[in-house]
Amino acid sequence: MIIKLKKFLIYGIKEQLDVFFKAAQEKGFIEFISKQKKPKKISSTISDYIRAIKILKQEPTLDSSEEKISPKALVQKILHLHDSIEKLFEEKRVILAEIMRISPFGDFSKDDLIDLENQIHRYFQFFTIKKSKLEKLKLPSELIYINSAFDLDYFIAINKERKTYPKMIEIFIDTQLDILEQRKIIIEKQIEKTQKELKKLAAYQKFLSKELLKELNIFHLDSAKTDVGYPIEESLFVVEAWISENKIQKFKELIKPLNINFVEIAIEKKDKVPTYMENKKNAKVGEDLVNIYDTPSIQDKDPSLWVLIFFAIFFAMIVSDLGYGLLYLSIGLFLKFKLKTAKPVIKRFVRLILILSSASIIWGALTGSFFGIGPPLDSKLGKATFINYIATKKASYHLVKKDDVYESWIKKYPASADAKNGLDFLLKTEKKEKNQKVFEALEDFKRNILMEVAILMGVIHIMLSFLRYLFRNFAGIGWCFFMLGGYLFFPSILNATSLIHFLNILDKEMCFFIGKILLFSGIGLAIILALVQKRLKGIFEITSLVSVFADVLSYLRLYALGLAGMIMASTFNNLALDMGLGFGFIVLIVGHAVNVLLAIMSGVIHGLRLNFIEWYHYSFEGDGKLFNPLKLLK
Numbered sequence: 006m007i008i009k010l011k012k013f014l015i016y017g018i019k020e021q022l023d024v025f026f027k028a029a030q031e032k033g034f035i036e037f038i039s040k041q042k043k044p045k046k047i048s049s050t051i052s053d054y055i056r057a058i059k060i061l062k063q064e065p066t067l068d069s070s071e072e073k074i075s076p077k078a079l080v081q082k083i084l085h086l087h088d089s090i091e092k093l094f095e096e097k098r099v100i101l102a103e104i105m106r107i108s109p110f111g112d113f114s115k116d117d118l119i120d121l122e123n124q125i126h127r128y129f130q131f132f133t134i135k136k137s138k139l140e141k142l143k144l145p146s147e148l149i150y151i152n153s154a155f156d157l158d159y160f161i162a163i164n165k166e167r168k169t170y171p172k173m174i175e176i177f178i179d180t181q182l183d184i185l186e187q188r189k190i191i192i193e194k195q196i197e198k199t200q201k202e203l204k205k206l207a208a209y210q211k212f213l214s215k216e217l218l219k220e221l222n223i224f225h226l227d228s229a230k231t232d233v234g235y236p237i238e239e240s241l242f243v244v245e246a247w248i249s250e251n252k253i254q255k256f257k258e259l260i261k262p263l264n265i266n267f268v269e270i271a272i273e274k275k276d277k278v279p280t281y282m283e284n285k286k287n288a289k290v291g292e293d294l295v296n297i298y299d300t301p302s303i304q305d306k307d308p309s310l311w312v313l314i315f316f317a318i319f320f321a322m323i324v325s326d327l328g329y330g331l332l333y334l335s336i337g338l339f340l341k342f343k344l345k346t347a348k349p350v351i352k353r354f355v356r357l358i359l360i361l362s363s364a365s366i367i368w369g370a371l372t373g374s375f376f377g378i379g380p381p382l383d384s385k386l387g388k389a390t391f392i393n394y395i396a397t398k399k400a401s402y403h404l405v406k407k408d409d410v411y412e413s414w415i416k417k418y419p420a421s422a423d424a425k426n427g428l429d430f431l432l433k434t435e436k437k438e439k440n441q442k443v444f445e446a447l448e449d450f451k452r453n454i455l456m457e458v459a460i461l462m463g464v465i466h467i468m469l470s471f472l473r474y475l476f477r478n479f480a481g482i483g484w485c486f487f488m489l490g491g492y493l494f495f496p497s498i499l500n501a502t503s504l505i506h507f508l509n510i511l512d513k514e515m516c517f518f519i520g521k522i523l524l525f526s527g528i529g530l531a532i533i534l535a536l537v538q539k540r541l542k543g544i545f546e547i548t549s550l551v552s553v554f555a556d557v558l559s560y561l562r563l564y565a566l567g568l569a570g571m572i573m574a575s576t577f578n579n580l581a582l583d584m585g586l587g588f589g590f591i592v593l594i595v596g597h598a599v600n601v602l603l604a605i606m607s608g609v610i611h612g613l614r615l616n617f618i619e620w621y622h623y624s625f626e627g628d629g630k631l632f633n634p635l636k637l638l639k
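Counting along the sequence shown from 1, when you hit position 592 you're at 597 in our numbering, and nothing is skipped either side.
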């Protein structure tokens, strides 16, 4: 539910400013209006806390320590140790690079080399060159080959004067090899010692998280106070705030013991009024989903429960498997009992898993799929499965009508001409596939039914979207007629049989007649109502024809993804059977694990997409600013 906010000017004596703001933070239903357009920068202290916690999260988890310690000193120690480790690693990297650079010349004393140079009055120089370049050069006689490494050749030159050679790079050795090796060992010991010390501090991660919340509460409190004005020589304070209509009485109770008062003030055009959403239980879960995409504007109706309901339906239609639903349910129940003391947002996430899994179980039971396996049509369970029942009704319809669908099947399966009823008709279209009985007509009818259900769901969903905002968009009623008419009339163009026909709701001729009237009158009505509401601009309403039609067809993804998942599950089952017990079992587990993950991804992405794109298109303005009251973080 979106609750209207009111703008108030709050004023009182300066001496009670701190008491008032502290009480407001504890209650958590007042958003103080900031005069600053840019968000306030967090303090360096908070930044250090956040950085320290991130560092500790990278370490192995330890049991929380009960030892009392200064949080700020602890943060500085963590940062110091972490920075020390990074510096040591950098120094080690530089030393290793230097060792790699000079190691081909071997280990020698730099002092002895200098003494030798002084004695013989010659200079020792060290050079390197790529092997590919060396082949094209004629080496001077004074160059002495020493070693080869890393596609490089290394040389020493001993001359009276220092020389340079074409294509060669001179290497200067400042520190001898053995000293570098010793320094490397010392650094490695320092790194190990410092890392052990840092790992011990991981026991303070929860402690620091609590201290961070305290620091953030102080920061938010101080930031809210900076928005206060002092009109009368700093003896009186004033501040503007947003308060929801249902919290005004609580606000009166809050300021009752204080010398503070308030008055409602007009909302200006430049004000960006926040959106305050207040929901409980399942609607709160839906609110979390809504905030993933965008915040509703204050003109919007709260879509939380709508989004949750249809997300669950779409997710279930995409998963289309009872077994997968049970698997999701087991995960949800495990998390529910494991995370009893979790934060409210985590508990709502677990509740979402339970809702989605329950919907998947229901739809999976209706479609008769359990890990890609369906009950045989000639079994009691097969006859009782809802999708098989509907397919049987469709078969009975064609059997009675003796239409072109009937003719095509009896041509392929002549025995079906003697069928006594719909079930018998389906049973007589049996064929063998890899030693398994497959009722071809049943599979074909089931696919047609699921496709039509997906389109019907799109029609219903978008019609509800138009009807929610009907008073804002009169043309919506015309587009509702258009979609309903299209659903009734288009089967005549495709020479198809709809659910409405074989369930004996309406016969074909009546459906086509009513559908044609609704289809064309809906377009005309939409344009007329748009002209009435928007005047000349309403003529552009005709452009919505394509978008409405395309949005409805977009719901075919529910059928396509659900069918793809069922085919993959069935394929993995068949592969496992062909490969035998040992390797086949591995294929079965891995295959279904992949399919389960793909089902989750598809269900979440496309289930939400149909709500956020297609449905929001006609009943959501968005671009709102979420209500952000001053409150204690816990």
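Please note that a few of the clues may not be correct.
Claimed, not checked - Distance ranges between label pairs, derived from CB positions:
{"#": "1", "residue 1": "I547", "residue 2": "I55", "range": "34 to 44 Å"}
{"#": "2", "residue 1": "F342", "residue 2": "I547", "range": "53 to 63 Å"}
{"#": "3", "residue 1": "S48", "residue 2": "P349", "range": "19 to 29 Å"}
{"#": "4", "residue 1": "K40", "residue 2": "L101", "range": "50 to 60 Å"}
To be clear, the hints were calculated from the coordinates, so they are not data collected in a lab.
Even for Gly, the Cβ is constructed at its ideal location relative to N, Cα and C.
34 to 44 Å as the expected CB spacing between I55 and I547, which holds or is violated | Given a distance of about 54 Å, which is not inside 34 to 44 Å, the answer is violated.
Take a look at whether the Cβ-Cβ distance between S48 and P349 falls inside 19 to 29 Å.
-> Hint holds: Cβ distance 27 Å, inside 19 to 29 Å.
Measuring from beta carbon to beta carbon, are K40 and L101 in 50 to 60 Å?
-> holds (55 Å)
F342 and I547, beta-carbon distance inside 53 to 63 Å?
-> Check passed, 56 Å falls within 53 to 63 Å.
Taken one by one, the earlier hints fail for this structure only at number 1.
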